[in-house]
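Participant: Here the protein sequences line up with chains A, B and C, keeping their order. Under the numbering used here, read the first sequence as residues 132 to 562, first letter to last. Under the numbering used here, read the second sequence as residues 132 to 562, first letter to last. Under the numbering used here, read the third sequence as residues 132 to 562, first letter to last.
Hints were generated in silico from the structure; no laboratory data involved. Incorrect hints may have been included.
No copy is singled out in the list; a pair is fine if it fits within one copy or between any two copies.
[Said to hold, decoys possible] Derived lysine-lysine pairs resembling DSS-like cross-links, with alpha carbons at most 27 angstroms apart:
hint, residue 1, residue 2
1, K202, K281
2, K158, K297
3, K531, K406
4, K179, K505
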Amino acid sequence: MNKKDIEELFERLFPICRSITGDGLRKSLDIIGEHIELFRYEVPSGTKVFDWVVPDEWNIKGAYIKKNEEKVVDFKENNLHVMSYSEPVDKVVGWEELEKHLHVGESSHFYDRGVPYRTSYYKRDWAFCVSYKQYEKLKEDNFASLYKVKIDSTLKPGYLSYGVTKLEGESDKNFLFSSYLCHPSMANNELSGPILMMLLYDYLSHRNNKINYHFYLGPETIGALCYLQKALCYLQNRIDSFKNYLVGGLVLTQCADRRQPLSYKETKRDSYVNKMMEYLSKREYGNMLRRLPFKSTGSDERQWNSPNVNIPVGVFGRDVYCENQEYHTSADNLQFVDVDRLLECFELLKDFIFILENDTTYRTDIVGEPFYSKYELMSDSSTDEYKEILGYVFQGSNGKESLLDIAINCPYNFRGIAATAKVMKEKGIIY
Amino acid sequence: MNKKDIEELFERLFPICRSITGDGLRKSLDIIGEHIELFRYEVPSGTKVFDWVVPDEWNIKGAYIKKNEEKVVDFKENNLHVMSYSEPVDKVVGWEELEKHLHVGESSHFYDRGVPYRTSYYKRDWAFCVSYKQYEKLKEDNFASLYKVKIDSTLKPGYLSYGVTKLEGESDKNFLFSSYLCHPSMANNELSGPILMMLLYDYLSHRNNKINYHFYLGPETIGALCYLQKALCYLQNRIDSFKNYLVGGLVLTQCADRRQPLSYKETKRDSYVNKMMEYLSKREYGNMLRRLPFKSTGSDERQWNSPNVNIPVGVFGRDVYCENQEYHTSADNLQFVDVDRLLECFELLKDFIFILENDTTYRTDIVGEPFYSKYELMSDSSTDEYKEILGYVFQGSNGKESLLDIAINCPYNFRGIAATAKVMKEKGIIY
Amino acid sequence: MNKKDIEELFERLFPICRSITGDGLRKSLDIIGEHIELFRYEVPSGTKVFDWVVPDEWNIKGAYIKKNEEKVVDFKENNLHVMSYSEPVDKVVGWEELEKHLHVGESSHFYDRGVPYRTSYYKRDWAFCVSYKQYEKLKEDNFASLYKVKIDSTLKPGYLSYGVTKLEGESDKNFLFSSYLCHPSMANNELSGPILMMLLYDYLSHRNNKINYHFYLGPETIGALCYLQKALCYLQNRIDSFKNYLVGGLVLTQCADRRQPLSYKETKRDSYVNKMMEYLSKREYGNMLRRLPFKSTGSDERQWNSPNVNIPVGVFGRDVYCENQEYHTSADNLQFVDVDRLLECFELLKDFIFILENDTTYRTDIVGEPFYSKYELMSDSSTDEYKEILGYVFQGSNGKESLLDIAINCPYNFRGIAATAKVMKEKGIIY
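Make the full structure from the sequences, and use the hints.
Facilitator: Okay, structure coming up:
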């Protein structure tokens, strides 16, 4: 997939009105499904999911506010204008009632945050979200005005949709990539995550891997819990198996903004995923990759890291702490994202996967050092660096330390260490 | 007890001539006993206490040095003038002999340290302690002078007195507050410690506590060992029980001086007490609370931390390392202490006790995150901070980390964490 | 041995042409053997030593390059002129062929590195090593010149020689000092190491020791492996026994250069040897003693630390990382070394041995503190420092922490701690 393909994907996905259920979500999964072979699950409304219940399905055809016959707010112009999961409404109201059902974007001399994004999944209500300017226009002469409000939505038993897939690897180790697809027209949060996942799937599906890669894509929180419950059934409800089954994972989110550096939010406690990212940050990416501590709010990492699930899943992207002022507003649009910056995330993930795939713990049966000359590993033209790497790999082949540990404890990078270890294994020095 | 009550207590206790045994000690315990329900123990002279033996009881009525019929030094003016445990003496001596029995306060152009405080509990001797000025006066024309020295003391088999008490809590955890009461007229060291203990007892006895609080008050070292031996008998000499029985303790000493910040001397090795104080210092008190490493000299923490006792007891107060130049001199008087600064110590101890009482380790049976809306824990008006705290408490409810660990690993303070955990427990989310 | 003796030793050993086998090595072992009672081992060529095979024995009588009848390069002048293990050669060659068999010293406007030191132990070849000036002289008019090259060497089955010895101590703990003796005329690397070992042997053989000290001296790498294989036989091939048998060791090398501070290269992983050196560096020697991390290239520490041997052996000397530009050149001569700087190494090793010999873990049966007066350990004239040391030793006598741990955790040095512990043990306070 080239840059143009990615831009087209952003353009196709952006206008769709997604929510945690409904046809917008299905249509988005269809489009992503052209690139990732996703298995679709449809969970009926009312299904108990751990502490939660799958809500009714929501769909919407249109909505507007007319003030004295003029359409001041129209869903057609921006699907953020309707609070997600708004009940249908069709009536004429005065200002006093309307104002109770308005969410207004912040505005100041310096910045207008546009239309805010709001939801009310679990409490029946209806509301419009408007920019500050629209609010002023609505408010003008409000005592003398009547407002026709119409939301043409449905809210009734249906299904919650999500997609999962797996790329089989040679070993029995599993790794999870997760992203979410329940936000209406916003580009960085959330289209950048699913699109990065597609790039990753494309990359991994054309290689032979050691690790089994799992991909989850669906509505945030409730969808992630549905997937988790399904996975638990598969593992006969032994949650410990689930934990041992997965070495870790990454939530991919907000990967394409123009402002933040590469960012990694750590797993809840020390983990192998943190260790890999620490290595990449300290030794290869420097300031380009921030590491931020675990925070209790965020995306689906909250579910994966929760006390009885306990899978070490970090968050990778750029604005993983929701620092941008465009976050959850109409300003998070196609102009805000930059495909080059998304591709930077992809590059780092390739390095991450390189470590995940190649990190191994070796042993040796040789007592003392090997007689390297015998193995044709060294010649007169071997550099001192090469001799040192050979030495570091050999000295670390004690059945305890992995190649990543060796790289962390010496001045050479993981790729050089791994390449050397591969040759040494072929020569029978380590195994 | 208000500030005036505390000042009166200082005034009543200050003039009494205390030592490690005797009527001054008993009278002081009586006064403290008006506020703390102390159980008095009287240990006979000659009792073997681990490696020690309880010495004879010492009492004193008066003492003076007359030079040519003029009383240059008089016990009535300051009871520090007689070295504690001085034998009775009544004779006329020349300068040469007198000088061998004089302890003289240091003096310079910049400072006069007044009368020094000296003891000779275990080696029979007699001595006077004088200021440098008194020394000069005594020395003047010393070849032509005779000195009448009189110490009207008794030193014979009697008893060593100490007081202990306990406030019962709901759990089986125990905590020790210890202070000492064997110094004559000095105010910071030592009256501030016992008075702080009274404030604490008053505070704790009007509440329902989880922890059992033990209070020890008596002579330093030998008294503490008597108490320890009694406690060991009670526990059928299984010293490990004693260790497990007590989660830790604090020696209260030198709490009212005008010069030093709040100070904490650490327990011998890592301990829960150190962890609480580290949290308070780093996160709530900042520079106002110093943490100083364990030192092998000091007060009764030496006994509590000793190799076969091994109870993690730190020292809390201000000048816990004896840094003030007033230390062990007549300059440590009622003018040197400041009740407001004693009350600052009391305030910190309340925060300390809050943690001790409320720190708990929780678990949850919920898989994934709770559906918070169901528990009416979150509303539209909930702040982001509140949501984050809920999340941190839930994520830490893994049966291993306590609320203090959660507070240490997140940006919110223990009180907010504990209040939120309480509500979550009531709602049945954690247990 | 005084300074003059040491200088004479340098002078006697320097001219000998050593290699990893041969008569130069034997003669050098003989001279060292006048001071250390070395047991000589002779391992036949062809013997399999773990992953290696003992090579043929090499000896050399002379060598030269004549250009147009003028001897431009002569082995008599400097035995570095012949690459170690050069095959015999005796022919006339043109410049093109000669140049393939020349190793030329680096040279610049700022520095002339003299004659380089080169070896080819395991690949049959011949070569001369020359300074840049000699190279220029040889090259001049090279098209018009013929070169007579003669190397009068032998390379045939024989023996590899090494020497070992042991000083018996009272305990069953063992420590290894190792150095190597296979380099021709270079003074810092390597004569300084074996000579320091002699000083150490002399020092230790005139004392009663607790530790058993082992000394290995022979060719680098292959000799160390021969010794290791012998030791393994002795331990019935149970390599774990070997590991438990030795608490650690030091390779002594490059101890007399005029440029570097005292230097310690750490063992591969955390070890007691590292801990001692860290203490000495941080608390007693400061900047005078550098600690450098383990590196996979170096001397025999590579063998001792290798995965299946795993004995924590560090490297001690000055230039333990081969930083000097004189390293492996004719500039590493008798002028480059300074006996005073060698003696500084010796002084540090005495401090190191003091810790090794005196570090003990004590216990006590006393509950609470001892009644020090009873043991006549304290008097009126005891300093506060002395009281504190007594306290630190007593508080640390818990059967877990050693005297070195106590010193690390308090402000007093190991020697004071150890002296006090000795008295306390005699008094029966600790055992």
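Participant: Tell me, in ascending order, the numbers of any earlier hints that this structure violates.
Facilitator: Nothing - there is no hint that the structure violates, so all of them hold.
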